[in-house]
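In order, the protein sequence lines correspond to chains A and B. Heads up, the first sequence is in the working numbering, so the first residue is 3 and it goes up one at a time. Heads up, the second sequence is in the working numbering, so the first residue is 91 and it goes up one at a time.
Derived by calculation from the structure, the hints in this document are not laboratory data. For clarity, every value in this text was computed on a predicted model and none was experimentally measured. For every residue, glycine included, the Cβ atom is placed at its ideal position computed from N, Cα and C. It cannot be assumed that every hint is accurate.
[What the hints assert, rightly or not] According to the in silico footprint, chain A covers these stretches of chain B (three or more CB under 8 Å from chain A):
no. : region
1   : 110-123
2   : 193-203
3   : 324-338
[To be verified] Straight-line alpha carbon distances no greater than 20 Å define the calculated DMTMM-like cross-link-like pairs of lysine to aspartate or glutamate that follow:
no. : chain 1 : residue 1 : chain 2 : residue 2
4   : A       : K24       : B       : E246
5   : A       : K308      : A       : D13
6   : B       : K126      : B       : D294
7   : B       : K291      : A       : E273
8   : B       : K126      : B       : D358
9   : B       : K291      : B       : E272
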Amino acid sequence: MSDDVVLQATDVVKTFSSRGKKLGTRVVSRAVNGVSLEVRRGETLGIVGESGCGKSTLARCLVQLSPVTSGTVAFEGTTLTGLSRRRLRPFRRQFQLVFQDPYASLNPRRTVGDIVAEPMRINHLGSTSAIDARVRELFSTVGLDAAAVNRYPHEFSGGQRQRIGIARSLSLNPTLVIADEPVSALDVSIQAQVLNLMADLQQEFNLTYVFIAHDLGVVRHVSDRVGVMYLGEFVEFGDVGSIYETPLHPYTEALLSVVPELNDTDAPRRERIIITGDVPDPADRPSGCPFHPRCPVATDLCRVEKPALLTIVPGRQVACHYPRNLDAVKATSTTS
Amino acid sequence: MPEAPLLQVRDLTVSFATRQGALRAVDGLSFDVGQKEIVGIVGESGSGKSVAIYSMLGLVREKNATITGSVLFEGREILGLSDKELQPIRGGSIGMIFQDPMTALTPVYTVGWQLVEQIRQHLHLPKAAARQRAIELLGQVGIPDPKSRVDRYPHEFSGGMRQRVVIAMALSCNPRLLIADEPTTALDVTTQAQILDLMLKLQDTYDSSIVIITHDMGVIAEMAHRVVVMYAGRPVEIARELDLVRHPRHPYTWGLLDAVPRLDAKHDRLRTIRGNAVSPLNLPPGCAFAPRCDYVMDQCAQRPPLQGDADHVDACWLSDAQRVTIRQRVEQPS
Ligand SMILES: Nc1ncnc2c1ncn2[C@@H]1O[C@H](COP(=O)(O)OP(=O)(O)OP(=O)(O)O)[C@@H](O)[C@H]1O
Ligand SMILES: Nc1ncnc2c1ncn2[C@@H]1O[C@H](COP(=O)(O)OP(=O)(O)OP(=O)(O)O)[C@@H](O)[C@H]1O
Ligand SMILES: [Mg+2]
Ligand SMILES: [Mg+2]
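Here chain A stands alone, though its shape is the one from the complex (with noise of 0.2 Å):
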């Protein structure tokens, strides 16, 4: 049903120019190399990839928050893209940008009841002192005490700072959350409530999450589905269990075999791939398979032919043009 969609992608681009080595020369990278995707309704969509590969650039796309060098971004079936700033402003309240890093994104000089008020304030929400009692109910919400309004950012914990970021990012009743890596910077036991608190909310408001992160695990557990970008480009996209599962993209494959895990159950390990080399350059893509100079498995076709994204079984997207597990994936798509 595609009004179940809230936010649609289509073949979003988004490039940076920057001085090159020659003197005069200017070097062109792409960042978002032709991303398409949708969010549905109520989902959250995990987002994960290598530091580099394009995530961050991707959200600020999607929220408006920087201009597409070309596609387009459609909001509940309204393309974004191109609209002034005046048209846009409505919808700006719509959707919400929840960043990595709790000290700095919160303003040091206002006090953390300002910082959560001032969207309200800049939209004109009702009088002052409904404002105040929303941010106190915010506060409560995120599980801080109310009476804290008056305090400045630094007497506050990282993963407090982290739920005033959060409650600040719900004070516009938004539908849609983008949290960039919201957890990464934080303790295990305090990330763990920060989840459990991004799930509650979820729960409560019917928010839609795009989450993005680089530790699968965190990914595995919030996400309903998910999509791996590799140097600006998606290589996968599939419900969390399957793709956990039965990943299809080699890259997926060796990311998921790497992540350090308790060995506190007898069941045997996944057998480790480690690949070779480092996340190249946007601004230097190699020919044909973006992935095909650290694939394991890569031939001269991969060289040559980039794979498109195709889908291999309903909710299994690849590009790849030799997937792992497509036995198994396509037998458990029969039977199911």
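Since the structure of chain A is provided, determine the placement of chain B with the ligands on it from the hints.
Using the frame of chain A, we list chain B with the ligands on its own:
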């Protein structure tokens, strides 16, 4: 007779005089590192992991710091040695890897120059031989084309490659002990896997011991033979890795392990440790974990000693029977 441990830390305590009073960053830490053993130190941010390690190596230089206890390395007391006495040890028989590779590298010199300096200082090799060894080491840590890379500057390397260079540097003088403080925290899982793999391979080749500091239980499980769990500057549990993850005894260790989101199963809710980490400025007189512990009792107003059998000690007043009941309840929620 078992071999004497390579490193013996006894009752290490580090406190800083601050305007708000004495801050005990490390409070009575004791552990051994055997020959060829990999010991992991795990704990939340601020639990004193880095301060403990740096104080052992004479790298806590703040005037307001007071360091007491004993640190025997190869049977010799190294706590309190002068910089001059420590110099052959640091970067020589003890190699160090930091979270941020740029702590160990200088941006203005080529990596080759930095490696050669280090090697010449400790091994007294002539320049050409030191350069040869530098190229060899870069190759060993998996830097492609080491002959030409040796003349490059750190900023021309990616984060993962810089960390490899630091490892090459730490290994340059055949250390007996490698101390790694969050060596992979800033890296992707793919690069982390490369680096951890490399450390294990080199440890095997050089027969060295490793102390690895991390807050990632997964990394501990992959690497460590034995684990020291720290809370608020104190060791709360020390055990062999497998015993620790399968039969954890301390409520804080339970919390740490239970809070990890897992690849293998989707739980609806994560179990959490309530509250926030305790400030080392106001440590409670008894058990430091008591304010966040779900099983706190009257006795916890007294500080519990580290006790147990030789291979598995922890600091908690709960009886064995109580622990069994609690864990059964948690593992099979009704
Ligand atoms: N403002 C900018 N100007 C030039 N290049 C940029 C800019 N922002 C990002 N890039 C480049 O775009 C690519 C993608 O960066 P991005 O921050 O989106 O990655 P990411 O996946 O979020 O990484 P991380 O996991 O480290 O946050 C990188 O190569 C980065 O250097
Ligand atoms: N020079 C100093 N003066 C005062 N306090 C200090 C000093 N250095 C460290 N501390 C304090 O000592 C405590 C332990 O810090 P330490 O850096 O060892 O923690 P850690 O376990 O390594 O944490 P992380 O995981 O964040 O690296 C912290 O509360 C810190 O603020
Ligand atoms: Mg990012
Ligand atoms: Mg530290």
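Structure-based check of all given hints:
Proximity of the region 110-123 of chain B to chain A, defined as three or more residues with a beta carbon under 8 Å from a beta carbon of that chain, is not established by the 0 residues found. Coverage of the region 193-203 of chain B by chain A is violated [criterion: at least 3 residues with CB-CB distance below 8 Å; count 0]. For the region 324-338 of chain B, the stated coverage by chain A is satisfied: 3 residues place a CB nearer than 8 Å to a CB of that chain, which reaches the threshold of 3. Proposed proximity of K24 of chain A and E246 of chain B is supported: the alpha carbons are some 16 Å apart, at most 20 Å.
Between K308 of chain A and D13 of chain A the alpha-carbon distance is near 16 Å, which keeps this suggested pair within the 20 Å criterion. For a cut-off of 20 Å, the pair hint linking K126 of chain B to D294 of chain B stands: about 8 Å separates their Cα positions. A distance of roughly 17 Å separates the Cα atoms of K291 of chain B and E273 of chain A; the hinted pair therefore holds under the 20 Å criterion. Straight-line distance between C-alpha atoms of K126 of chain B and D358 of chain B comes to about 41 Å, which puts the hinted pair past the 20 Å bound.
Taken as a hint, the K291 of chain B and E272 of chain B pair is honoured in the structure, with Cα atoms around 18 Å apart against an allowance of 20 Å.
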